[in-house]
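Undergrad: Just need the whole structure built from these sequences, with the hints factored in.
Under this note's numbering, read the sequence shown as residues 117 to 228, first letter to last.
To be clear, the hints were calculated from the coordinates, so they are not data collected in a lab.
These numbers come from a predicted model, not from an experiment.
All C-beta atoms, glycine included, are put in the ideal place defined by N, C-alpha and C.
It is possible that part of the hints are untrue.
To be verified - Derived pair list, reagent style EDC-like, types lysine to aspartate or glutamate, alpha-carbon separation capped at 20 Å: (1) Lys-187 / Asp-174; (2) Lys-187 / Asp-175; (3) Lys-213 / Asp-133; (4) Lys-187 / Asp-133; (5) Lys-187 / Asp-168; (6) Lys-187 / Glu-219.
As the list claims (entries may be wrong) - Distance windows between CB atoms, simulated: (7) Lys-223 / Gly-179: 50 to 56 Å; (8) Ala-222 / Thr-181: 44 to 50 Å; (9) Ser-125 / Pro-147: 37 to 43 Å; (10) Gly-162 / Gly-201: 21 to 27 Å; (11) Val-145 / Ser-125: 43 to 49 Å; (12) Ile-216 / Asp-183: 32 to 38 Å; (13) Glu-227 / Thr-148: 19 to 25 Å; (14) Glu-208 / Pro-147: 32 to 38 Å; (15) Ala-222 / Thr-148: 45 to 51 Å; (16) Asp-146 / Thr-209: 34 to 40 Å; (17) Ala-198 / Ser-164: 17 to 23 Å; (18) Pro-205 / Tyr-135: 15 to 21 Å.
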Amino acid sequence: MSIMTITVSGSSGCSADVYVARYEVYPNVDPTGVCVGLRTVCSPNGLSGYWDTVVPNDDIAEGATPDDIVKLAWSGTTNVTALSGTIVPWAETEMIKSTIIGEQFAKIEEEG
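TA: Below is the structure:
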């Protein structure tokens with residue numbers, strides 16, 4: 117289930133769904149934060165991209181839920197550039213590209 121859908125006015129039928137693709141303490145040894153990775157899939161052309169960031173432990177309030185931490189990654193903090201600032205412009209450009217992108221053009225099979 118996507119955590120949000122991005123749309124552009126005037127581009128009927130085009131959208132991009134954003135999914136949490138990574139969520140883990142980072143790094144494994146002596147963690148300094150939580151790595152949040154977001155995958156975005158455009159519709160109808162199926163183009164996708166992945167972005168991640170580390171939300172520092174110092175920016176995470178005591179008792180914060182995973183949803184709270186993902187929101188910090190999306191919106192940004194004092195120490196983290198908002199992923200939304202990269203993902204939204206990318207999606208607005210990519211979602212309206214032709215659906216021919218990513219389509220199979222030819223299939224080459226070896227005989228024998």
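Undergrad: Decide, hint by hint, whether the structure agrees.
TA: Checked hints:
{"no.": "1", "hint": "Lys-187 / Asp-174", "in the structure": "15 Å, holds"}
{"no.": "2", "hint": "Lys-187 / Asp-175", "in the structure": "12 Å, holds"}
{"no.": "3", "hint": "Lys-213 / Asp-133", "in the structure": "15 Å, holds"}
{"no.": "4", "hint": "Lys-187 / Asp-133", "in the structure": "15 Å, holds"}
{"no.": "5", "hint": "Lys-187 / Asp-168", "in the structure": "13 Å, holds"}
{"no.": "6", "hint": "Lys-187 / Glu-219", "in the structure": "34 Å, violated"}
{"no.": "7", "hint": "Lys-223 / Gly-179: 50 to 56 Å", "in the structure": "54 Å, holds"}
{"no.": "8", "hint": "Ala-222 / Thr-181: 44 to 50 Å", "in the structure": "48 Å, holds"}
{"no.": "9", "hint": "Ser-125 / Pro-147: 37 to 43 Å", "in the structure": "41 Å, holds"}
{"no.": "10", "hint": "Gly-162 / Gly-201: 21 to 27 Å", "in the structure": "24 Å, holds"}
{"no.": "11", "hint": "Val-145 / Ser-125: 43 to 49 Å", "in the structure": "47 Å, holds"}
{"no.": "12", "hint": "Ile-216 / Asp-183: 32 to 38 Å", "in the structure": "37 Å, holds"}
{"no.": "13", "hint": "Glu-227 / Thr-148: 19 to 25 Å", "in the structure": "55 Å, violated"}
{"no.": "14", "hint": "Glu-208 / Pro-147: 32 to 38 Å", "in the structure": "34 Å, holds"}
{"no.": "15", "hint": "Ala-222 / Thr-148: 45 to 51 Å", "in the structure": "48 Å, holds"}
{"no.": "16", "hint": "Asp-146 / Thr-209: 34 to 40 Å", "in the structure": "39 Å, holds"}
{"no.": "17", "hint": "Ala-198 / Ser-164: 17 to 23 Å", "in the structure": "20 Å, holds"}
{"no.": "18", "hint": "Pro-205 / Tyr-135: 15 to 21 Å", "in the structure": "18 Å, holds"}
Of the hints listed earlier, those the structure fails to meet are numbers 6 and 13, in rising order.
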